[in-house]
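Sequences are here, hints too, so could you generate the full structure?
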Amino acid sequence: MTHSWTNLDDFQTYIDGGGIVEPNDRMPEEFRSEVFRFIEFHANSELMGGLTERDWIPRAPGVRLKQIFLAKTQDEIGHAHLLYQVAADMGVKSRTEMLEDLFEGRSRFHNVFHYKAVTWADQIAIAYLVDAAAFASQRAVFAECTYGPYKRVLKRIVAEEGFHMRHGEEMLLRLTEGTDIQRTMFQEALDRWWWPAVQLFGPDSDPDDPLLRWKIKSQPNEQLRHAYIQKYVPLLQSYGFTIPDPNLHFDESADDGKGAWVTSEIDWEPLIATMRQGGPDSRRRISNAAANYADTAWVRAALEATAVPA
Amino acid sequence: MRAPISATLCPPPLTASVRAAVGRVHDPEYPGVSIVDLGLLEAIEVSGDAVTVSLVPTYGGCPALDLIGDDVRHEVEAVVGVRSCTVTWLRTPVWTQDRVAPHAVSQLEREFTVTLRRTDGSLVCPVCGSGSVRDTAPMGPSRCRSLAYCDSCRNPVEVMR
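Keeping their order, the protein sequence lines are chains A and B. Residues in the first sequence are numbered from 310 upward in steps of one, following our numbering. Residues in the second sequence are numbered from 120 upward in steps of one, following our numbering.
For the record, the hints were derived by calculation from the structure and aren't laboratory data. None of these values were measured; they are calculated from a predicted model.
Using 20 Å as the maximum straight-line C-alpha spacing, the simulated SDA-like pairs for lysine to any residue come out as follows:
| hint | chain 1 | residue 1 | chain 2 | residue 2 |
| --- | --- | --- | --- | --- |
| 1 | A | Lys-460 | B | Gly-248 |
| 2 | A | Lys-464 | B | Gly-151 |
| 3 | A | Lys-460 | B | Arg-229 |
| 4 | A | Lys-402 | B | Tyr-268 |
| 5 | A | Lys-464 | B | Leu-266 |
| 6 | A | Lys-460 | B | Pro-150 |
| 7 | A | Lys-464 | B | Arg-273 |
| 8 | A | Lys-460 | B | Asp-270 |
| 9 | A | Lys-460 | B | Cys-247 |
| 10 | A | Lys-464 | B | Val-224 |
| 11 | A | Lys-402 | A | Arg-346 |
| 12 | A | Lys-402 | B | Thr-255 |
| 13 | A | Lys-375 | B | Pro-176 |
| 14 | A | Lys-460 | B | Tyr-268 |
| 15 | A | Lys-402 | B | Arg-273 |
| 16 | A | Lys-464 | B | Leu-235 |
| 17 | A | Lys-375 | B | Leu-184 |
| 18 | A | Lys-460 | B | Ala-267 |
| 19 | A | Lys-460 | B | Gly-151 |
| 20 | A | Lys-460 | B | Ser-271 |
| 21 | A | Lys-464 | B | Arg-229 |
Footprint (simulated), chain B over chain A, 3 or more residues, beta carbon under 8 Å:
| hint | segment |
| --- | --- |
| 22 | 329-341 |
| 23 | 385-396 |
| 24 | 467-479 |
Cβ atoms here follow ideal geometry from the backbone N, Cα and C, with glycine treated the same way.
Dropping the structure here:
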């Protein structure tokens, strides 16, 4: 059975009643284009994230960690694959068009993939902090997510990211229990990655954000960011690390008297720069991704070729 | 004198509690699905208060083996009467999809949109039940899954392999 709606109010009533939109439904164009943009951004981020993991396979210390990074790379690229399929199916852009836009620097992906991972500790900060931020925001999308195919893919992505987080925690604990040099390495990585991780959630949501209204997102950005800060400030402090924020403090009266960690005013300029491909490592990352795509053209050609009878 | 009936018909009680403990371990990629139902458990040996649990990996290169092993040890060592638990990963027998319990198959289909190939090699869509599912990529997001797509309801589907 396919659904159709006469107008946006009618559609909103369907959404508010717990309805899920399927690809064969005659969805409003506004919904189609907004949801497409959101999934395309997610797909691009999984692909760029997977390529980051891949960079560290040869440099991961020990065969077990290499195995984990290999598997994580396959996971992220596989997620991108699924998401590009769901996005392409919405009929706005083909998969090739999305990839070309990404490699030409015409489309966006998560801010955290515009920075350079300098040491192995950066990779652990990414696995522990950045993956956790991405996980929190994906879980909040999965919680409602009114577009059926996206929700089904997210179910598996969220399960796998949860599993990655256990790896991140394990790697962090190992470094925490290590030498002073290792602890210093992580502190330096934390100094580089704390703010990008916090900024990943984005500035406060527009109260009229259509993605909230249509229940693609279940919570505004600021709520997710706040919950993340409350969880990770005490955790990192308990391991003996310092959050790189001189104004960070616990405000007893915040959150209706329950108390909460309050950060400095967040500077959104770095995030905005990444959205214009102007982050510290944007250029190199995008050109590497494009070169990788060109280098693997023969694999795609081989897969698409049909056997010629001898 | 004949042995008491309970000793001949029932497994020793410790083995049963260890089995139940292993059953409480879920696959990290399928929260809610027991590793016993996925066919990972091959044998339990109890020797006094020491237990050895032998498991079969779906894929040798699976990155979850250490985590699953830790979870099994943790659950089994919490069983009253067990002092230590060793987990071993076997190379044989090889895991095959017919080791998956029928209700785990429906859990995977219903909750994760992950399906198993029928014995004749065909695929049925876990979302809409149609037979118009085609393979799209041999490599999925996991060692143990490939990608497919349903032309009828237009959902990406993953296939355990």
